[in-house]
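Assemble the complex: chain A is given as a structure, and chain B must be docked to it using the hints.
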Amino acid sequence: MSIKISNLRKSYGKIVAVDDFSLEIPGASVFGLLGPNGAGKTTTFKCMLDLARSTSGEILYDGKRLEPATFERVAYVPERSVLYDWMTVEEHVEMSRRAYAKFDPARAFELLAAFNIDRKRRARALSKGMRTAVMVAIAFARNAEILILDEPTSGLDPVNQRHVLSLMINEAAKGNSVIFSSHQIGQVERAAEHIAVMDRGRLVLQGTVDELKADRKIVEGIFPDVSFTLDGIARDLRVARTDRTERIVRVLVTGGAEEIASDLTGAGAMAVRVLDLNLEDIFLYAVSPATATTDIVAKESSS
Amino acid sequence: MNYVEWLRVRNLLRVVAIILTILVVLAVVLRVSVSRYMSPEAWVAHLALDPGTKVTRTTLPDGTKRIVFDDPDDSTHVVVDDHGYAGKHIVVTEPTSRAQKEHSDVSVGSVRVFESRNGATTTTVIDTNGAVPMIYYMALADIVALIVATILAAPLAREVDGHLEIALTKPCSRVRYALGVILADAAGIIAASVITVIAFYFCQLLFESARLDFSGINANAIAMGLILPLAWYALLCAATTLLSRSYGAVLGFAWPVAILTGALTLIHADNVVALFVHDVAWVISRFDPLSYVEFASPNATGTYNYTEANFGLRLSIEVLFFVVYGAIAIWRWQRVEA
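Protein sequences appear in the order of chains A and B. Letter 65 of the first sequence, counting from 1, is numbered 69 in our numbering, and no numbers are missing. Letter 60 of the second sequence, counting from 1, is numbered 70 in our numbering, and no numbers are missing.
Be a bit skeptical, because a hint or two may be false.
[As the list claims (entries may be wrong)] Derived contacts from chain B toward chain A, CB cut-off under 8 angstroms, selection only:
hint, residue
1, 11
2, 13
3, 14
4, 44
5, 48
6, 51
7, 172
8, 173
9, 174
10, 179
11, 180
12, 181
13, 182
14, 183
15, 201
16, 347
[As the list claims (entries may be wrong)] Far from chain A, some chain B residues (derived; all Cβ distances over 10 angstroms):
hint, residue
17, 21
18, 104
19, 186
20, 296
Rather than coming from a laboratory, the hints here were simulated on the basis of the structure. These numbers come from a predicted model, not from an experiment. Backbone N, C-alpha and C fix where the C-beta goes; we use that ideal spot for every residue, glycine too.
Only chain B is shown next, with the shape it has when bound in the complex:
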């Protein structure tokens, strides 16, 4: 019954797949280009070492290649354990500088840097094969999924634009037709997220054996990452169905309006006008699914400042948006006339 919408979704996913394939090809090219720089031996060759630095190479019983740099002049000692594709473990011991903090623990992707100060000596441990938080993948997937959602978000308005005689003479109710269309698009949006995650995972695999972290905050990120583009889609779907004659303008202005509204909620309200603008933008932003998104990010000490209770509320609001905006679109669709 919704064959046309499935075709639209298929065609769009084909474009997404082509773009992601190009990205993967570029990653392959990059991997081949940088391969000779990836081994510690290559680093050593390119390092401008102090003349007194002693470099020792050994191979451990498990096959790990160890390189030890010892610079007595600077009291610096570096041990690099190269596990090949399984990553590297680097321990740097050096004199403490004034700027260094007591401790820090920062993770970016699969790289974790842990620094600890022990009197006059600071030890920095770098591991390059940590589990990659899914939150990174979902952030990337959501960029793609939100673009896909924006492109797909006028399914009913597109039918109003010259195809009602086909859409409304099918042997199914208008509600069922609209639900089918929305479900087809929702499936397309989720599929776009999934293939984006797969593509980026593949890109990562080109460089290291990537492990994924689905635990804790990452599970929340997956849930939010899937429902956010659907809620955004439903908002635009309702708007384009209500303003079906100018659905192109609705889609075109959706992002600028969302970004502007979001930005205005951040202005510092130090006078009446600014306060008014801020408050108006804040009220408007309450209807925007994007304003409820808060992808967790590590704070200065490397821990995530994101509470479970807050997340549940935000996720519920996103689900509510999807249902309510979807219902508005269907309600309007029921009243459409050719």
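Chain A extracted, bound-state conformation:
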């Protein structure tokens, strides 16, 4: 099942939470949605599930609008606990069994056991991480075609975080789609094939992780003095950003790094080097370029 989001906009009064957001999420994949706090990730998820009504735009599941029956095929884990405090874990499983035709209680109990959660305990007696684990276990027992997971590893210990990532990858291998958000970029890099980055309600970057990493580089040039010009380089469409600090220039490129390096040499640079970016660097470039450049070069220099 694929999802197509077109020109989504959601505003709360004068505050625009999501603005002109368009995205296609392919089936049978793990899709990571990244963004700083308040970027609009959770609001986007809520609009996708009709938990919040979009101000404008359209969201289609396999070409059709969301309808109640779609929830048989879509599972959701919200970022905060929505469990009923007074109910036991077992009762939450029973609730899902009664609500969803394809829900597999045995699978749910198996996952709960893997997370070391006592099924007889009431939700109020569970820690934050355990509550997340319960919601994740129930969602993965749904046999849903799409899993929308809003920070599904929040509060989990490293072992269980890794377990959740494995579950996500396994779901994609089974032909289902997993869309998740996380602040832990390492996890996204490990699990996601596709990513999208949101900032202030807008989509600022998207693509497969491999493509983004292969294309994006930083080309750094050191000039003999400050009187150099980069007119030609700055106008190159492959140059996403140029930061100039006295005799040093750092150019973020989305392709053709070697050619840009040659251009810098041609412009008079004494020394030129090309730096690789990891997903965290790419994310930082998308949402906070100035911070990203400094951090990346400092990191590379120290190594």
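Relative to the frame of chain A, chain B by itself:
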């Protein structure tokens, strides 16, 4: 689909059942404690009879134990027919006092007291095993059902309070979900009424063989007794869904406001301010299902002053309240956002 609401209802009914069980246990204790005082023989032993009173004990062919008190000094003659568990029939013949009325017929529960004056003599007949009007049971059941309705009356607001992501991602429409929730609660409220009637009936059985009167006004009382808590529930359900962020306050203030409004409609409007307050309260009370309830009560002569036509209108209004307030709650629920 509405498993959570059924669990809430089940848990609340469990509490109601525990409280009623405690009540029944107390009734058993009371029954055991008073058993030795319940026979006419025990009464005789404890009565401070005049020295000239003659007491005669006989057993009738059907097993009835008869005790006759004859006090020639006071011209008083009492016949007590003790049918055991099946009740007592007591006839008191005594001189008429000035305060006594011509006739009176009063029933309270299973006890009926009929008094007739015949010149200088008054005869009082007391029967302790009459059919108990269902209206008594429904009045008791409604107290419990209204409490249950008040506790259950924020089902949709409780979902808004942190559980929308579960409630709204179920494979059913919002209308169907809300209807399911309301029906679950309605079933719980009716069940609370039923188990209350059963518990009180059992308590009565501990003391006498209780017969129930479902006829006439009692049938109306059953209908009104069932729909009233549902209408009250629907009112609170609509209010809590509209004011979902402060549903606790709505539930907390519901009874004080209803009682205050009802009381203000009764004030004597002898000046402009009082008239204004009365009129405002009266208008507000028209939206309150409780204000349309009039459980029949016997008048001075023991007859019920309750008209069928009036009852039909009131019952229709209660049904209308249930439907309209329920619809308002569902309408608001459809617009809820997480």
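Now the hints, each set against the structure:
no.	hint	verdict
1	11	holds (6 angstroms)
2	13	holds (5 angstroms)
3	14	holds (6 angstroms)
4	44	violated (41 angstroms)
5	48	violated (46 angstroms)
6	51	violated (55 angstroms)
7	172	holds (6 angstroms)
8	173	holds (5 angstroms)
9	174	holds (6 angstroms)
10	179	holds (5 angstroms)
11	180	holds (5 angstroms)
12	181	holds (4 angstroms)
13	182	holds (5 angstroms)
14	183	holds (5 angstroms)
15	201	violated (20 angstroms)
16	347	holds (5 angstroms)
17	21	violated (8 angstroms)
18	104	holds (63 angstroms)
19	186	violated (8 angstroms)
20	296	holds (35 angstroms)
Checked against the numbered hints above, the structure violates hints 4, 5, 6, 15, 17, 19; every other hint is satisfied.
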